[in-house]
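A.B. asks: For the protein sequence lines, the chains are A and Z, in the order given. Using this note's numbering, the first residue of the first sequence is number 1, and each one after it goes up by one. Using this note's numbering, the first residue of the second sequence is number 1, and each one after it goes up by one.
Treat the hints as calculated values from the structure; they're not laboratory data. Among these hints, one or two may not hold up.
As the list claims (entries may be wrong) - Here are the computed lysine-lysine pairs in the DSS-like style, where the Cα-Cα straight-line distance is at most 30 Å: (1) A:K211 <-> Z:K145; (2) A:K16 <-> A:K341; (3) A:K199 <-> A:K211; (4) A:K266 <-> Z:K134; (5) Z:K145 <-> A:K339; (6) A:K229 <-> A:K199; (7) A:K16 <-> A:K266; (8) A:K339 <-> A:K199; (9) A:K266 <-> Z:K145; (10) A:K341 <-> A:K23; (11) A:K23 <-> A:K199; (12) A:K199 <-> A:K341.
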Amino acid sequence: MNSTPTIEAKGTIWQKFVSLLNKIGFSPLGFVLLIILALLPNFYPFSQEYIVRWMIMGAFLAAQSVAFDFTAGYINIVNFGFAALLGVGAYTSGILANTTPFLLYAPGLNPWLTIWLGALMAALVGFLLGILTLRLRGIFAAVMAWFVGIALMGLVNNLTDLTRGPLGMNPVKFIETPNNLPYFYIILSMMIVIYITLKLVVGSNIGLAFKAIGQNPDAARASGINPTKYLVFNFTLSAFFAGLLGGFYAHFFGSLTPSTLMHTSKTVEVLAIAYIGGRGSLWGGITIAFPFVFFIEFLRSNLSSLPGLHLVIYGVLMIMIMIYYPSGFSGFYYWAVVKIKGLLNKTK
Amino acid sequence: MAKETSTAPTTTVNFITWIKDNLPVVIVTIFSIILFIMIGFEGGPPQLLNVIVTGCMWALLATGLALVFGVMNIPHFAHGESFMVGAYIAYFTFTPLNKIFLATGSKFLIYLGPFLAIIAAGLAGSVLGIIIEKLVFAPLRHRTKEGWIMNAFLLTVGMSFVLTNGTTLAMGPNFRGIPRYFDVPSVEIMGAFIAVDRIVAAIISLVTIGLLWFFLRWTKLGRAIRAVSQDETGAQLVGINLDFIQTFTFSLATGMAAISGASLLFMFQAYPTVGLTPLYFAWYVVMLVGLGNVAGAIVGGFLVALLQSGTQLFIGLSWQSVVPTAIMVLVLMLAPSGIFGSEVKGVQEQ
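The whole structure should be built from the sequences, with the hints applied where relevant.
C.D. replies: See the structure below:
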């Protein structure tokens, strides 16, 4: 008699915890994996500096893929100028952190402040891009974003007074430290914040509206959804986070050139991760990015006589996924969960 | 009196409605004429000749792009890589051949060399096209047609990635180029000196486009291709082998891009990412005239060349990617289906 209520209470606490996790977009498994990921660089094989650097790259790529998937997976528009938005954030933040505007030879603003200004600048560009693509769908929207991206990259290349063009500029770093670990926690927390924010947005009514617009804009309009509002909101938010990540890039690497940051091939890298991870899941890209970066960096360091091999693998994998398994890793996960549950029910 | 008043206004009204219906074309035409005159004043005949030669190049590239889109509904992102493959093949055919022919000392053979290289590039490009179509697009087409345009686009993006980096892997990032195909002095036309290579490249692209037009217009296979571009189901009903037509079209377009890459080897040296600039400009052309509009692509090639030349002349060489892109963004915003208003198999819906 006495024992049942406590079990029930335990059950409810557990359920409450799970539902809380679900609300912010984690399954219990995912939460455990995230904690392991956060602790990983403190233990030996992973605490070496170069592996921490790989993990930073992984988190950076993962966070980008989340922001990218927010547009591509929900509203069904491939933002082909994503890398350029990243570059806008990075350059704005870098320039403001190096020199105070309108005051030559004055020390710049704090990078912790300027990354937000960079993000706002990118959000502004994303807002304009959203307005530009309003009337367009599918391939036309993708090409529009692509052209805007090319134009932005050309602009950065040509405004040599501000950006030093193809020579590249050197923004100050967040923290002067030889250690990479602080940067890992910065990017990891950025990734988590981006993921939770976007997951909350997607889980609300706004997310439903996104999906409706993505599937059939006319039907969405007919059922009282204003596509303009949601589309522009989606682009702005995605661009805001892209700009934030660009700011991280600027103050982590401490060097910026247009072609290493804003080139279309950078968008393609993010796109490949997001698609292999699974469209419309947000978390798919995160799970894929880390093993992928490890695999690729491993290849690059061990087969340095074969430059570009990792990128070939990227492309081939993406082609295979697109042809034969378009739902990606997240689709596979959901399929596996259903299968396992079915098996468990049978044994019961 | 009533008769008099009715005739005169109707013609003007007709004219006004015609202008209203064709507003994008009218604006672009007026703009191009102004630009042409300005370039003529500022740069003189050399610049105008340059526009024509560049226009031929972009037209050849863009017709391939338009053909692939019109027939197969593939927005081809890897078109520049076909260009790159053509450049490589031409380099590796031309350099040894030229050595051998120079040793023989025969004038005829020396002048034949470049053409052999270009033909070899065209053939290799066609074979590459067949391989890609069979390996990538045919499986996707047989799996699902849903969201085809976007999926095909992303597939070509992946292909471009694989081809560029595969070339880096196989050939290294080195530049491989030749100073010129024909070792003869420049020709003087209207007081402007122009290299023979450029004239030959322009002629080759014009001839290729002419052959393509003849092929599409007058042969049975060409009619079949046009039928598929108009209505796939209808074409199948009258017994056209869809798979064959699509493979053939893709191989044709890839071969054309390879020919243009080969004939421009003296300008664009062969290296893994050489295809990017030609790809950009070919895309400007097809977005300007409307996706899948083959005839429009020829006109569009010259319009874009004009724009490019004008930017170089009046704003600066480094802005030549920014200004045309900005104008294409405007075109996309105001007339998404291009200035000639093509509607290819309900693209807007997908």
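A.B. asks: Run every hint past the structure and note whether it holds.
C.D. replies: Now the hints, each set against the structure:
1. Simply put, K211 (chain A) and K145 (chain Z) have alpha-carbon atoms about 21 Å apart, close enough for the 30 Å limit, and the pair holds.
2. In summary, the hint linking K16 (chain A) to K341 (chain A) is supported, as the alpha carbons are separated by about 21 Å, within the 30 Å threshold.
3. Using a Cα cut-off of 30 Å, the hinted pair K199 (chain A) and K211 (chain A) holds, with the two alpha carbons roughly 13 Å apart.
4. Using a Cα cut-off of 30 Å, the hinted pair K266 (chain A) and K134 (chain Z) holds, with the two alpha carbons roughly 28 Å apart.
5. Between K145 (chain Z) and K339 (chain A) the CA atoms are separated by roughly 28 Å; this keeps the pair inside 30 Å, and the hint holds.
6. For the proposed pair K229 (chain A) and K199 (chain A), the alpha carbon gap of about 19 Å is at most 30 Å, so the pair holds.
7. For the hint pairing K16 (chain A) with K266 (chain A), the CA-to-CA distance comes to about 41 Å; that exceeds 30 Å, so the pair is violated.
8. Restraint check: the Cα-Cα separation between K339 (chain A) and K199 (chain A) comes to about 25 Å, which is no more than 30 Å; the hinted pair holds.
9. A threshold of 30 Å between alpha carbons decides the hint, and for K266 (chain A) with K145 (chain Z) the separation of about 28 Å falls inside it, so the pair holds.
10. Proposed proximity of K341 (chain A) and K23 (chain A) is supported: the alpha carbons are some 22 Å apart, at most 30 Å.
11. Taking the CA atoms of K23 (chain A) and K199 (chain A), the gap is near 8 Å; set against the 30 Å cutoff, the hint holds.
12. Under the criterion of a C-alpha separation no larger than 30 Å, the hint pairing K199 (chain A) with K341 (chain A) is consistent with the structure, at around 25 Å.
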